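J.: Chain B with the ligand: place on chain A using the hints.
The listed protein sequences correspond, in order, to chains A and B.
Position 68 of the first sequence, counted from 1, bears residue number 68 in UniProt numbering, the numbering being contiguous throughout.
Position 263 of the second sequence, counted from 1, bears residue number 263 in UniProt numbering, the numbering being contiguous throughout.
Partner residues aside, some chain B positions facing chain A, computed with beta carbon under 8 Å:
1) ALA182
2) GLN202
3) PRO287
Facing chain B, according to a computed beta carbon distance under 7 Å, are these residues of chain A, among others:
4) LEU20
5) ASP21
6) ALA118
7) GLN145
A few chain A residues that don't get close to chain B, going by computed Cβ distances all over 12 Å:
8) PRO108
9) ALA137
10) GLU151
Derived by calculation from the structure, the hints in this document are not laboratory data.
Everything numeric in this text was worked out from a predicted model, so none of it was measured.
No residue lacks a Cβ here, since even glycine has one placed at the ideal position from N, Cα and C.
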Amino acid sequence: MAYKTRTGSLASYEKGVIELDDDLRKYAFSNVFEVAGKSAPYERVAVVQNLEYVAEVVRAEGDSPWYAAPHDEFAIVMDGEVTFRFVQLQDDQVPGHEGGAIRLGAEPNGPRMGRVTARKGHQVLLPKGAAYQLSSARPSVAIIQTVDGPETVKKWNDICVLKEA
Amino acid sequence: MTVLDAKVERLETDEATGYTAFRLGSFTFRRDEYFAHISWPKGNHIIEIDRFLRATVRDIGWGFFYGWIFFDDVFGTTNHYGTVDVFAGSYDKGCKDAGIDHLETFTAEAVSEAFTAISQDWISQGYDPLNAPLETGTPIGPKGPERTDPLLRAFIAADRMLGLPGDKPVRSDASGFPVNRAFADLDFDLPDVECEPGFEGQLHAINLFDHIARSDVTWNPSISAVTRANICCVTSEEHMLPVIHGNDRNEWFIQLSDEIHWNIADKNSGAPRGRIVMKAGDVCAMPADIRHQGFAPKRSMLMVMENGTPGLEQRYASGELKPYPVDFG
Ligand SMILES: [Fe+2]
Numbered sequence: 001m002a003y004k005t006r007t008g009s010l011a012s013y014e015k016g017v018i019e020l021d022d023d024l025r026k027y028a029f030s031n032v033f034e035v036a037g038k039s040a041p042y043e044r045v046a047v048v049q050n051l052e053y054v055a056e057v058v059r060a061e062g063d064s065p066w067y068a069a070p071h072d073e074f075a076i077v078m079d080g081e082v083t084f085r086f087v088q089l090q091d092d093q094v095p096g097h098e099g100g101a102i103r104l105g106a107e108p109n110g111p112r113m114g115r116v117t118a119r120k121g122h123q124v125l126l127p128k129g130a131a132y133q134l135s136s137a138r139p140s141v142a143i144i145q146t147v148d149g150p151e152t153v154k155k156w157n158d159i160c161v162l163k164e165a
Numbered sequence: 001m002t003v004l005d006a007k008v009e010r011l012e013t014d015e016a017t018g019y020t021a022f023r024l025g026s027f028t029f030r031r032d033e034y035f036a037h038i039s040w041p042k043g044n045h046i047i048e049i050d051r052f053l054r055a056t057v058r059d060i061g062w063g064f065f066y067g068w069i070f071f072d073d074v075f076g077t078t079n080h081y082g083t084v085d086v087f088a089g090s091y092d093k094g095c096k097d098a099g100i101d102h103l104e105t106f107t108a109e110a111v112s113e114a115f116t117a118i119s120q121d122w123i124s125q126g127y128d129p130l131n132a133p134l135e136t137g138t139p140i141g142p143k144g145p146e147r148t149d150p151l152l153r154a155f156i157a158a159d160r161m162l163g164l165p166g167d168k169p170v171r172s173d174a175s176g177f178p179v180n181r182a183f184a185d186l187d188f189d190l191p192d193v194e195c196e197p198g199f200e201g202q203l204h205a206i207n208l209f210d211h212i213a214r215s216d217v218t219w220n221p222s223i224s225a226v227t228r229a230n231i232c233c234v235t236s237e238e239h240m241l242p243v244i245h246g247n248d249r250n251e252w253f254i255q256l257s258d259e260i261h262w263n264i265a266d267k268n269s270g271a272p273r274g275r276i277v278m279k280a281g282d283v284c285a286m287p288a289d290i291r292h293q294g295f296a297p298k299r300s301m302l303m304v305m306e307n308g309t310p311g312l313e314q315r316y317a318s319g320e321l322k323p324y325p326v327d328f329g
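If we strip away everything but chain A, and leave its shape as in the complex, we get (with noise of 0.2 Å):
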């Protein structure tokens, strides 16, 4: 038997259904297609959250400020095709706030490592003690797996099921 895969897209994607004798509220269903349809690009809204740990979907659309954190990040590209360009931070450079992703103000000096292309399904590791940016000729979706941090986004209330349809 021939199998037919979906995955979702910016473009076309479906959202399931949440039918709960409970408040929906405490499930916060999302769709990371939606929730990147509606967003400004890199806007890192939050759709998971463990705590101080989330995951954000970015809308990859041009050139993203650049970024760097104090710990390891992955980004998983779900549509489209974004480039991850890096650059290595000096000790002295590498941000010592607790965790997320904190915006630098320009490219930063240090020496560029390179770039990754990553289209749908590629994992993208953005290591601790590198700054990098993200960019998209047409609009892309990314998951960002991270620490809740000043960049990200929550917007709970828009982005989830809050009554059955």
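T.: Quick look at chain B with the ligand alone, frame taken from chain A:
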């Protein structure tokens, strides 16, 4: 909590079927051609054998996972990270009301040894409970030759990220993991990694979907990336989760492909609360006060986010942390 100093004991072997019975503490386990029979001083319980074996090998392979693993509404285990409760009826209203519920606590090692001994004896060649039903034989009938290959396999736990030098490898044709039939329609390409001179090997990316598509097991998550105590697990899911999971913390699902139907019930009583259908791109929390069981009509890709912070289970159990993850303000 008294931790029993018990180890698995082999009891008699049934002459007709060839299967051996086992005892752990005051629980005994017997099987016939179709069913597992579990007995304890006040009660007895029957579980269809395929379901029992699918649950048993996963429970061991997961290291008893987070919180409660219900084999069905009656029988299961609770992980206390070092010790494990084995229970019958302790979270089932009927058994509680009848006063026949029973719970004993053992070292995790003792439960693991018991479940491994049972699996080894009760699983014959031609049947692998980690495979989807369409991809393996049946466990019913009398005992055949025992399997010689490992019963537990393919539980991959990356330390930092899959595929990094010195870390766990991604699956490939070369390592004996062809793309599963259910994902044969996808094209898998590799990310382009271009390092500047002097930075070779310092940038890293993988095709995660390709890795998941090559999994030969179902409902058996492996760790792909770790941010401090935040664990990103990926898994391929087909047919039904052969246990009902009651978590001791909040966990999150991100559906990467296709769809999974989840039945949701109250964790303590088992009373149904409803259902959730997750399709590709959907994100949903599984609160710490529910139990859930998944059903995947077609093999699908699921990402699970777990917070592995030690001691978290006690902070949820004490009520210090709320059983749901998001503050809506
Ligand atoms: Fe679960």
